[in-house]
Amino acid sequence: MESQSIRLHAVLTAERSTAAQTESTTARFIRRGGLFLAIGLLLYLGVYVFADQLVYGHTLRNRFFVVKTAPLPHYDMVVLGASHAAVFDYEDMNARLESLTGAHVINLSVVGSGVTPNKLLLDYLLVNHSVGSVIYVLDSFVFDSPQWNEQRLSDAHLYDRAPFDPALALLLAKTPATRAELSDYVFGFSKINNQDRFNTDVSDDEAQRFGSTYRPVPQIDTQRLKFLYPNGVDEASLNRYLGEFDDLLQALDARHIRISVIKPPLPERLYRQLPAEAQFDARLVAIVGGHSAQFHDFSLMCNDERFFFNPDHLNRAGVLNFYASCLPALLGSSG
Amino acid sequence: MLFNSLVFPAFLALVAAVTYVVPGRWRWGVVLAASLFFYALFNIGYVGLLAAATGVAYVGGWRVHHLAPGRTRAATLAVAIVAELALLFVFKYFDFFASSTNGVLQAALLPHLGFLIPAGLSFYVFACVSYLVDIFRGDLIAEHHLGRFALYVSFFPKLLAGPIERATHFLPQIRRARGFDADGVTLGLQLILWGLFKKVVVADRLAAFVNTAYQNPGLTSPLDLVLGTYFFAFQIYCDFSGYSDIAIGAARVLGFDLIENFRRPYLATSIADFWGQRWHISLTRWFRDYLYIPLGGSRVSRLRTVLNLLVVFVVSGLWHGANWTFVIWGGLNGLYQVLYLLTAPVRARVGQIVQLPAGLAAVLSALLTFHLVLVAWIFFRAASLTDALTIVARIAQAVPRLPDLVRNYAFSGGVVLSLGLIGFLLMVELVDEHRSIWASLRARPVYQRWAVYYALLGALLLLGTWNLNQFVYMQF
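Sequence lines, in order, name chains A and B.
Take 1 as the starting number for the first sequence in this note's numbering and just add one per residue.
Take 1 as the starting number for the second sequence in this note's numbering and just add one per residue.
Just so you know, the hints here were simulated from the structure itself, not pulled from any lab data.
Among the hints, erroneous ones may be present.
As the list claims (entries may be wrong) - The list that follows gives simulated cross-link-like pairs (lysine to any residue, SDA-like), each with its CA atoms no further than 25 Å apart: (1) A:Lys-68 <-> A:Leu-122; (2) A:Lys-226 <-> B:Gln-215; (3) A:Lys-226 <-> B:Leu-417.
Unchecked claim - If we take Cβ atoms under 8 Å as the criterion, some of the chain B residues that face chain A in the derived model are: (4) Ala-182; (5) Tyr-447; (6) Trp-450; (7) Leu-456; (8) Leu-461; (9) Leu-462; (10) Gly-464.
Just so it is clear, CB atoms sit at the ideal spot from N, CA and C, and this is done for glycine as well.
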């Protein structure tokens, strides 16, 4: 048993070659290694192409995919924001919005993302498309931490269904927050390694919970707030990301793109627990007022408890009610 | 920089390239610099601790070597060992000791230091202690070259989680500075590839299931606990032996041999075989040579032998971490060893009466050994003793209903894939038990060898979990 089990060491300590042999085996090793790498690269390329093609058959919601495959040259309305904006794209909600408004609408919201990821997506859209107006569904929490901004952009899941596009590669290279992700995107590692590659990227919230109604549980509300504001209100982050938001509004003004900033409906019990929301609103209004943008605060409108599928996200009935009751006010003012 | 990061292969390639380009007499310097850089990437402060452990062993070894046999020499050795173990105690055990003491005395007498355990501390402290003892015993001459000695302690492939290398084996290799050996490098790369497969494809996939099952055992279904426990057995094996394979492979690429740390442990046919020949061999041998034998080993009375075994295994458990779960894990394994020792005559008698075919007896012995080890793993993995006992109780209650539970279990694709990977691993090990896979592979035509390499690389790419999970044994 012992003699059998030390075979590895027998191999390791095999007799050494002579100097001349070593020289020729070294050259042979390098030659073979090169060939091995070359074949490996070809195989990698094949897997890469396959993974890239697979994305087209199994992707619905990835925002880089949505932009890359956006069929129209012009969109009347772009919806930006975090998960509170994503519900307007669940199931047939975007189609309903388009039919209600008669506008072509594209939703580029990303769950848990602040102004930095949103700006990146808008910039990507603007590379090959034109835009009439932007509806920015805004949450205060995304201004409180890099985790919802720069760090959010390092999530491999953002790129695991992003089809290869030189324009996006260039944009990622130009954006400081995404330079580290450029190699992953260009070499397609996350895409090839995506374990969910044969499933469609519809979230559990959309697939399973969107039609349900949440019954408030104080502990869950508390957990949710703790998740959204892990460090409370961070003044430095707030200043920084409000500054970025200000820059975004300025850039849109310069391109003559209309912008409406809205705060989405929230259950009143949750809204009352948001940290320093009134101060945030005051600063937001001041920034929006400095541009040709509209601000609509729907926080405490269209917010009956039955309109939410979890502590803070509108359910199907909630979105439809929002379209019927709150949207006209938004459309009326933004033209 | 973890072995399972995409940066590591580039780092290793660079170090190897420089190592083989510089003259042989400077190679130790290149590898030492790379090792310190590697360690500093975790925390620059750790390098100071590594230097302290190295310095104590170097000076202590030098003194012990030059002193004549006698009390002064023994005292010097004791001081050096105590200094080494003090580092371990302060950084690894003090808080556990403080909470246990405060708990017993019902008073907050001792403060909590709150240190994070520096990566690899337990491993390099043990390397230093073995160096000191080997000199004291006359098995080794003290290394006069501080740089070479520092490389023995800090060699980056083994620094974080072993194998716990002996100076008698490693220092001569540093002095010899072996040249480029294509076969050795190829074997090293094969081991790295296989180690990565075990870690990234198998261990980290199983870890996700195990973490969920063990997070709240009171609320986890009994079958998930059973599956979680089986999966953990393979997770810990693939994680640690994967690390060891990468370490041995990386060392081989640089021209060094490290000792083998695992030999298909779940094919062990007895608990003595498991610990003596197959699982974490470098640690088991360390305890054998520096604790068990000095305590008298098995050349004392039966009672003393039993006590020695229990002491060694409890200390081994404690070495893994400052937690009662590890103490129980070690104690349980010690108990298995004691029972194995004490029941030897009975087993021999039963063997004479019930004469099973050799193959069947081996399979049954391997299954029994595996399940004994499995029960002990519950204590190793559980977050607390309460959790461990809950898991044992819930699994025990579920055993009679197991066939029904399995029939009604909704096997997800992930679970089926995990079971398939475990099956594949066992198949490879069964083949390897009879003839080395690597030796067999060497005899195959190049296109067959490369097909195997590309298949493993493909599995890493397509099935690997690349979220940079730390290796489990790095926390020890």
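Problem - Index of numbered hints that the structure contradicts, given in increasing order - result: 3, 5 and 7
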